[in-house]
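Trainee: Below are the chains, spelled out letter by letter.
Number of protein chains: 2
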Amino acid sequence: MSVLASNLPDLSSSVSPSLMFQQPFRDSQQVPMRAQISVYGALIQGTAPEEAFGGSDGAKSIWENALRSSAERLHAEPKKIIIDTDPGIDDAMAIFLALRSPEVEVIGLTTIYGNVYTTLATRNALHLLEVAGRTDIPVAEGSHVTVTFHLSIVSAFAWKEVWFDSLWLLFSKDNLVLMDMVSTHGAASFMILREKGTKLRIADFVHGADGLGNQNFDPPKGKPIEQSAAAFLVEQAKLHPGKVTVVALGPLTNIALAIELDPEFCKNIRQIVLLGGAFSVNGNVNPASEANIFGDPEAADIVFTCGADILAVGINVTHQVVLTDAERNKLIQSNGKFAQYLCKILEVYFSYHQEVYSMGGVYLHDPTALLAAVNPSLLTYTEGAVRVQTTGITRGLTLLYNNQKRFGEVTEWTDKPTIKVAVTVDAPTVVKLLMERLMES
Amino acid sequence: MSVLASNLPDLSSSVSPSLMFQQPFRDSQQVPMRAQISVYGALIQGTAPEEAFGGSDGAKSIWENALRSSAERLHAEPKKIIIDTDPGIDDAMAIFLALRSPEVEVIGLTTIYGNVYTTLATRNALHLLEVAGRTDIPVAEGSHVTVTFHLSIVSAFAWKEVWFDSLWLLFSKDNLVLMDMVSTHGAASFMILREKGTKLRIADFVHGADGLGNQNFDPPKGKPIEQSAAAFLVEQAKLHPGKVTVVALGPLTNIALAIELDPEFCKNIRQIVLLGGAFSVNGNVNPASEANIFGDPEAADIVFTCGADILAVGINVTHQVVLTDAERNKLIQSNGKFAQYLCKILEVYFSYHQEVYSMGGVYLHDPTALLAAVNPSLLTYTEGAVRVQTTGITRGLTLLYNNQKRFGEVTEWTDKPTIKVAVTVDAPTVVKLLMERLMES
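Protein chains in written order, with the working numbering: chain X, 4 to 444; chain Y, 4 to 444.
Think of the hints as simulated: they come from the structure by calculation, not from any bench. Quick caveat: nothing in here was measured; it's all calculated off a predicted structure. You may find that some hints are simply not true.
The list makes no distinction among identical chains, and a pair is therefore deemed to hold if it is satisfied within one copy or across any two copies.
When the alpha-carbon atoms are kept at most 20 Å apart in a straight line, the in silico SDA-like pairs for lysine to any residue are as follows [claimed, not checked]:
# : residue 1 : residue 2
1 : Lys435    : Gln218
2 : Lys408    : His356
3 : Lys241    : Glu412
4 : Lys419    : Glu263
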């Protein structure tokens with residue numbers, strides 16, 4: 004069954020890799036042959052694996068045994084993940100999906116601005132864990148400002164400040180920041196009005212003023228831990244070297260700060276799976292730039308070139324994964340706790356997509372990135388150095404060098420570490436997994 | 004017959020439009036249905052049109068009559084073209100191809116830096132016309148410097164100059180230019196060493212130090228006309244309003260200067276067909292930028308946003324059009340004057356492609372753009388606003404907004420005029436046309 008309703012453009016033809024990806028996709032341990040993708044898919048969905056292979060009963064029992072032991076291994080050692088998040092409606096879907104996925108163990112949430120300001124992101128992260136009954140998972144609050152500004156604050160002697168009525172002006176030789184004290188649901192915090200002449204872009208027009216569909220939920224009872232997001236990331240990576248995967252669903256400030264904080268972080272971390280970038284396609288903030296990268300281009304460039312194992316899932320891929328109106332109706336009819344909650348907050352997100360894309364469905368950005376960490380074989384990818392443009396009209400543009408031409412001169416991509424960039428996705432399986440796991444909650 | 008030899012990567016699979024071009028291609032008078040492409044192709048190639056249609060004898064005669072009158076009309080009113088060029092080996096191919104194409108009348112060449120400095124481009128343009136026996140065609144010398152620098156010179160009072168040995172330093176508040184007097188084949192000229200900290204990029208490593216395969220041909224006897232390229236373009240467009248097509252094969256400085264010189268130029272010109280840009284693919288100067296746009300990004304942005312009818316043929320398209328070793332051998336064996344000449348100069352170009360792309364063939368950049376002006380139905384295109392990044396690591400990047408998303412905020416693409424951007428090309432027919440016309444010369 005296709006996930007695409009007939010009133011949507013047929014995106015399946017877009018699955019073919021773009022001109023940029025002429026390089027054959029490399030197999031690796033994480034992205035095995037197509038057959039294996041089907042087997043994993045069938046296992047998780049509870050359908051018989053022979054459907055994927057069309058095999059006999061004999062073949063079935065062999066595969067069942069093989070899969071059972073594989074599943075047991077998976078369940079015995081779930082992948083430790085930290086979700087860096089700016090909830091956010093699709094963040095909420097991704098967090099619930101992670102909590103319902105036995106393949107992964109969520110060892111923490113870290114928060115960041117993006118869909119909302121960081122203060123509200125922290126509140127929403129705590130709230131979502133309370134809804135899920137998982138207050139055992141720590142929440143570490145992340146940066147309120149971009150990496151460049153954060154690092155400037157660190158060298159605070161270079162800053163001067165002026166109070167003007169309720170406005171707080173911070174300025175240095177290169178920067179001028181105008182902050183305003185605001186009250187968000189009773190919690191006082193500072194909202195950055197202007198930084199380096201650019202207003203922080205907060206996508207409340209996509210997710211509602213509260214980030215969760217304008218539902219005005221009660222404030223959470225819990226509090227974030229004392230550690231900052233960056234310090235928490237560094238500590239956990241050091242504590243479990245080679246074991247922790249970061250799933251980054253917002254601007255990459257916290258990850259960049261972790262890299263700045265500890266040069267060993269890139270080696271200690273198992274993988275960074277991130278939702279970000281618009282590879283060879285238009286962005287969603289403007290024609291050049293995708294929202295998470297646009298939120299902090301300098302941070303993204305630090306992360307992409309840090310040498311860690313990175314899988315970037317861009318909107319060139321997530322725009323192939325759509326939750327339709329029909330599927331939302333199924334969620335509404337289910338008794339699943341998460342499904343019921345999500346149906347309350349999804350309306351704003353559907354309205355936004357109808358308005359700007361004329362579609363009767365929503366893109367599953369964050370859930371797709373989350374599932375890429377849960378089961379990497381749901382995607383194929385290419386590899387190459389990626390840089391981020393940080394100035395001018397294409398600020399936030401992500402550009403992959405595909406190694407097709409040997410440039411005579413040194414370029415900004417020369418000798419930079421390569422990362423994995425998702426090219427195709429098994430969209431029907433992503434949607435099916437999401438539906439099943441959220442409806443059975 | 005495919006144009007691709009078996010030792011080349013099969014580029015035919017790349018013909019499918021990239022993810023960026025999800026918009027259905029718009030038909031227009033210039034790019035009609037596929038059938039019509041075949042008919043034009045068959046006509047030009049001298050094969051019976053019924054091959055394209057598989058029709059009966061009756062159908063054949065109807066089509067033959069229709070095509071004959073169409074061909075007569077074409078021959079009766081050839082399209083006036085001015086070729087803006089930086090010869091350049093593939094420029095030489097394009098110029099000869101134009102002179103052998105009855106569908107167009109070359110009313111002038113204008114010269115520009117790019118493959119060589121402008122002084123040498125002028126010399127080569129005159130030389131190629133002498134080889135062709137077409138010294139009746141005027142050559143107008145173009146700018147020696149980028150549009151930004153040229154416009155700064157115009158306001159010359161802002162400049163100061165210092166002579167230092169043989170070096171000439173020009174500086175203003177914002178710019179420092181270091182020029183050196185050089186002697187190229189006896190002709191004295193100035194070479195710009197540094198401009199705004201960036202050395203002019205001259206691709207002599209692709210085309211040879213003389214731009215024509217290091218053949219050291221005798222200097223031409225002719226001279227360029229007194230008029231500058233920009234003035235010639237403006238004059239001709241005014242003289243034949245709606246009739247003159249510019250085929251721009253180098254950096255777009257002269258075209259931008261024509262636009263600055265006469266605001267009516269964009270209305271007077273019929274179309275600007277340009278070789279430039281790397282749409283949704285890596286560039287050929289670096290991963291971000293294609294050579295002609297990189298040569299003068301500010302000029303390209305002026306041209307793309309000027310409102311004229313523009314067809315941009317980028318390397319996403321020309322990398323699908325390859326002249327193989329086998330085809331070069333056919334050229335060598337022919338008695339055609341142009342074929343014989345080109346075989347002398349092609350060696351350097353083949354070596355370069357072998358070295359940097361590991362291919363036994365060469366890309367037909369300029370001939371493809373020229374044929375796009377001769378017969379627009381050889382390509383399909385999409386339409387949208389295109390902007391050029393002018394700063395940072397992706398300086399020279401071309402970005403098309405495909406109108407898929409309605410952005411809530413004003414972007415740098417909002418309300419800019421749309422241009423046509425080539426998406427696919429009938430590569431076998433382009434190569435066949437080139438071979439036939441050059442071999443029969």
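Trainee: Please go over all the hints and tell whether each is borne out by the structure.
Mentor: Now for the hints, and whether the structure bears them out:
1. Within a single copy, Lys435 and Gln218 get their C-alpha atoms no closer than 27 Å, and across copies no closer than 65 Å, so neither meets the 20 Å cut-off.
2. Taking the closest pair of Cα atoms, Lys408 and His356 come within 20 Å of each other only across two copies (10 Å); inside a single copy the shortest separation is 39 Å, beyond that limit.
3. Within a single copy, Lys241 and Glu412 get their C-alpha atoms no closer than 39 Å, and across copies no closer than 42 Å, so neither meets the 20 Å cut-off.
4. Taking the shortest alpha-carbon separations for Lys419 and Glu263, only the intra-copy value of 17 Å comes in at or below 20 Å, while the best inter-copy value is 41 Å.
Violation of the numbered hints given earlier is confined to hints 1 and 3; the remaining hints are satisfied by the structure.
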